[in-house]
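Chemist: Listed below, chain by chain, are the residues.
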Amino acid sequence: MNKITIVFLAVLGLTSCQKEIDIDLNSTNAQVVIEGEITDQNEPYTVKITKTVNFTESNNYPAIKGANVTISDNVGNSEKLIETSAGVYQTSKLRGISGRIYTMTVSAEGKTYTAQSTMPALVKLEDIRVVKSTFRPPTEKEDLYNVFPQFTDPIATGNNYRFIQSTDKSGKDNTIIVANDNVENGQPNSRPIFSRDFKIKVGDILTLEMRTIDRPTYNYLFTLVQIAGNGPGGGTTPSNPDSNIIGGALGYFSAYTVQKKTIVVQ
Amino acid sequence: MTKLKSILSFSLLILATSTFAQKFTINGTVRDKATGEELIGAVILVKELPNTGVSANEYGFYSISLPQGKYNLRLSFAGYNTLTKTIELDKNLKLDWQLENGTELQEVVVKATKENDNLTTTTMGTSKLDVKEIAKIPVIFGEKDILKTLQLLPGIKSAGEGNSGFYVRGGGADQNLILLDEAPVYNASHLLGFFSTFNSDAIKDATIIKGNAPAQYGGRLSSVLDVRMREGNDKDYNVSGGIGLISSRLSIEGPIQKEKSSFMITGRRTYADLFLKASPEFKDNSLYFYDLNAKANYRINENNRLFVSGYFGRDKLGFGNTFGVDWGNKTGTVRWNSIINAKLFSNTSLIYSDYSYEFNISANDNDFVNQSKIRDWNLKQEFQFFPNTRSSWRFGVNSIYHTIFPGSFINKKNTDTNPPKEGRTAWENAIYANNVFTISPKLSIDYGLRLSTWSIVGKGTYNIYDRGIKTDSIKLNNGEFGKTYFNLEPRAAINLTLSENSNLKTGYARNTQNLHLLSNSTSSNPTDQWIGTSYNIKPEIADQVSLGYFRNFADNKYEFSVETYYKSMQNQVDYKNAADINTAPDVESELLYGKGRAYGVELFLKKKTGKFTGWLSYTLSRTERQIDGINDGNWYAAKQDRTHDISLVGMYQLSNRWSLAGNFIYYTGNAVTFPSGKYNVAGNTTYLYTERNGYRMPAYHRLDISATYEKPRKGRFQSSWNFSIYNLYGRENAYTITFEDNPDDPSRTRAVQTSLFKWVPSVTYNFKF
Chain A
3 MNKITIVFLA
13 VLGLTSCQKE
23 IDIDLNSTNA
33 QVVIEGEITD
43 QNEPYTVKIT
53 KTVNFTESNN
63 YPAIKGANVT
73 ISDNVGNSEK
83 LIETSAGVYQ
93 TSKLRGISGR
103 IYTMTVSAEG
113 KTYTAQSTMP
123 ALVKLEDIRV
133 VKSTFRPPTE
143 KEDLYNVFPQ
153 FTDPIATGNN
163 YRFIQSTDKS
173 GKDNTIIVAN
183 DNVENGQPNS
193 RPIFSRDFKI
203 KVGDILTLEM
213 RTIDRPTYNY
223 LFTLVQIAGN
233 GPGGGTTPSN
243 PDSNIIGGAL
253 GYFSAYTVQK
263 KTIVVQ
Chain B
10 MTKLKSILSF
20 SLLILATSTF
30 AQKFTINGTV
40 RDKATGEELI
50 GAVILVKELP
60 NTGVSANEYG
70 FYSISLPQGK
80 YNLRLSFAGY
90 NTLTKTIELD
100 KNLKLDWQLE
110 NGTELQEVVV
120 KATKENDNLT
130 TTTMGTSKLD
140 VKEIAKIPVI
150 FGEKDILKTL
160 QLLPGIKSAG
170 EGNSGFYVRG
180 GGADQNLILL
190 DEAPVYNASH
200 LLGFFSTFNS
210 DAIKDATIIK
220 GNAPAQYGGR
230 LSSVLDVRMR
240 EGNDKDYNVS
250 GGIGLISSRL
260 SIEGPIQKEK
270 SSFMITGRRT
280 YADLFLKASP
290 EFKDNSLYFY
300 DLNAKANYRI
310 NENNRLFVSG
320 YFGRDKLGFG
330 NTFGVDWGNK
340 TGTVRWNSII
350 NAKLFSNTSL
360 IYSDYSYEFN
370 ISANDNDFVN
380 QSKIRDWNLK
390 QEFQFFPNTR
400 SSWRFGVNSI
410 YHTIFPGSFI
420 NKKNTDTNPP
430 KEGRTAWENA
440 IYANNVFTIS
450 PKLSIDYGLR
460 LSTWSIVGKG
470 TYNIYDRGIK
480 TDSIKLNNGE
490 FGKTYFNLEP
500 RAAINLTLSE
510 NSNLKTGYAR
520 NTQNLHLLSN
530 STSSNPTDQW
540 IGTSYNIKPE
550 IADQVSLGYF
560 RNFADNKYEF
570 SVETYYKSMQ
580 NQVDYKNAAD
590 INTAPDVESE
600 LLYGKGRAYG
610 VELFLKKKTG
620 KFTGWLSYTL
630 SRTERQIDGI
640 NDGNWYAAKQ
650 DRTHDISLVG
660 MYQLSNRWSL
670 AGNFIYYTGN
680 AVTFPSGKYN
690 VAGNTTYLYT
700 ERNGYRMPAY
710 HRLDISATYE
720 KPRKGRFQSS
730 WNFSIYNLYG
740 RENAYTITFE
750 DNPDDPSRTR
760 AVQTSLFKWV
770 PSVTYNFKF
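The listed protein sequences derive, respectively, from chains A and B.
Per the working numbering, residue 3 is the first one in the first sequence, and the count goes up by one each step.
Per the working numbering, residue 10 is the first one in the second sequence, and the count goes up by one each step.
Worth flagging that the hints you see were computed from the coordinates, not collected in a lab.
Ideal placement from N, C-alpha and C gives every residue a C-beta, glycine not left out.
One or more hints might be untrue.
[Said to hold, decoys possible] In the DSS-like style, the derived pairs of lysine-lysine whose C-alpha atoms are separated by at most 25 Å in a straight line are:
hint, chain 1, residue 1, chain 2, residue 2
1, B, 421, A, 21
2, B, 422, A, 134
3, B, 767, A, 134
4, A, 126, B, 422
[Stated by the list, open to error] Which chain B residues stay away from chain A? Per the calculated CB distances, all over 10 Å, these:
hint, residue
5, 419
6, 423
7, 489
8, 701
9, 702
10, 759
11, 767
[Unchecked claim] Derived, one-sided and incomplete: chain B residues facing chain A with beta-carbon distance under 10 Å:
hint, residue
12, 370
13, 456
14, 460
15, 695
16, 703
17, 704
18, 708
19, 712
20, 751
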């Protein structure tokens, strides 16, 4: 709505103005951030452990080294992860399989954190379609395109998805895009991917990654979407997303499936 | 001896009944001589009996009972010449008054309703807006607006830059009962709040009551804004209008049958978007609102009168064919006034009210819609009874049938498999009685009781949640009654006269609210949805105590008041963190409940007469919430918590033709949530929050000025020009503050402030003939 207000003002011939300001923000004790992922791909799975910094510091997040990290599943497999670089812990032999429940255990700086995630069943990404957008921002000269992932949501409710798009020209879209089946459960997907600042144009080589994610991961990412780029005045009152990690860490542990498709936009 | 005693008591009885029987009642209506419109709140005083008087009700009707005798009655009303009539009262009398517009009005812009009206009425926390006064005060885009003027009064705070939403004494924007000819208006904003739904050309009278409303009002916690539309001139035809930079207005009124029936119709539309069509960049976008007020009335006979009034407004906002938002209100009121006898007045109203929004996203050949709607049918019966000069009663019943369609996100091409959520129905009833009683010349009391009920009516499935986890489900068949909530709402206000110039008033009121506006955002949006009390959502309850001291100075030229209040609120509703407000199958699973408290002091100093008029208002207040599941269950400042809020309004009559006005506003920034740290997750810089609303936006202040030039009258034709500048000294007030990676140096983050209006000049031309 914030954006709409600003467009509205532009329409009235009035300009809003933006400027960088200094705000005296409190500092707080550094907190542990854990981001653990396990996929159905045959590759090492990674758990990253870092710490928060104060707002005024640079975006270099201190790594937590020497932690004890294991991932196990509900059929008796377990692996202790190796720290391959500072704060980055990886598996070498564990395989992610849909339907299994994975448990991550992290012991770091005298504290233990655990989290569970279920790898959902894969939902087949049949194809991707691109369609010319009917909306072109006033400043844009070329037509823009939207991506429609082609898949059919399973009949049972509770499917959650994450999409990541990238093009050869713009690279990876960092916008978090998630969807679920609250709307059009059990139907072929009809919704495009809306990403405010990512532009897809004719001639781009476009890759779409589709993940099936579990509900806690969806909720976590959905909160990030809601608070991203929205400050007071127009957005949702921000809060820390609910984490599935028990023990008091920020971040999440997610088991998901991965599929990718690439096309040339034309 | 016994015989003598009984004779004595018998004669005493005779005497008593005879003095009683010798009281007669005068009743009638008060009208404007030129237009025939009833004047609300005109005061009639009896010269021979100090402290005896009545005021005309909202339909211009009055009734006063006096012992037999000769009296001088004096009638006064703001902006009109005072009228005195001498009467010989020896029988019941019907006495209608026709007041002439004051000749001195050109010089004196603001006049009190009655010089010391603020002292004599018992009601607390009440302000009446003078529509003529509003016209002079500078507002954004030059469009005079009662809601924006209200925000300049103590205890009433603006919901944000240029916003017509308001907060009263720590209540939410949804806790104000906004009535247009008795019909609730669910969203009083146009164009994201920059305009209100009230076209001031159509408005006759507006009164706001800050929480201590008499028992005839109910259903909202914080305030009542009672707006009455004009009836239309029943003697002559008039056309009036205004042309502004952004919008224009036109109204036509006149008699249908002279002095028997009249009509008024007024419309307004913004046309900024028409200019857009000329610009290739914006030609596909649409952005406008329009609204229409219409009213007609018919005098069936001397004692019976019928009114029909309606409002229809719609906003449309669209970007190409891709996005569109469309929202608006519809209201309709049919009223029948009846003077049953000299002391009993009846009003029956049938009211319709509806608010809906649609948010469209078109993609390829699909059409996604997020929509919600609330619709009311409302029947009211009220009696006003005037037994004697010391007492007046109001009692009545009110029955509302609500249908609420919760927010649904659907694909219009695919509604078979994904139908919108079913509508929910509820039946709200109230019965009330209120009495204003003069105990002694120095002491009066206004007290009442309202019993309100809310019944959930099928059909529908109601889930019961415990912290978002479904624990039970109740299925109601069509027409089946579910749970009914009962609430008793006592109210009382006492007015103690300390001296000729000063009063002390104190009051207590309980209010309840069964309709709740859900908003997860930090500002108000048209897509905020209404939801009714259910098995999970309990009726909101507010208890307010207040104490005020009122004093007039210098022959009633100056009016001063200080009021203090404490309010506690129960069963407040909020979204939980990360609530999915659009697509969750049942939005009730996304809610949290808690309580609130608000307290403060309001100071008000007004100069009412002379070339220079205006007021200074200052509010010192605190507003807090405690919600289980937010901020670890600790009390936190509500977003509308503003420590200081100052408004200074001045109007100066420079000459017969020119008048100047200005206002200055200062308030503490809203309570907001800012990060206290950051981290990286999912490839994005993410902020760490430690406390809800623990920070403040920068303080807000601005100065607006305006000048009005009234052109010499040519026959019937009158016109005026209004020039104004909003935010004269170009203060960059923070509208939003956002945090982001610095585009010039991605290794750092920065805070960015967005401001909306540096300064906005406007010109409006108004005419009438």
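Chemist: Check the structure against each numbered hint from earlier and tell me which ones fail, lowest number first.
Modeler: Of the numbered hints given earlier, those the structure breaks are 1, 3, 5, 6, 8, 9, 10, 11, 13, 14, 18 and 19, listed in rising order.
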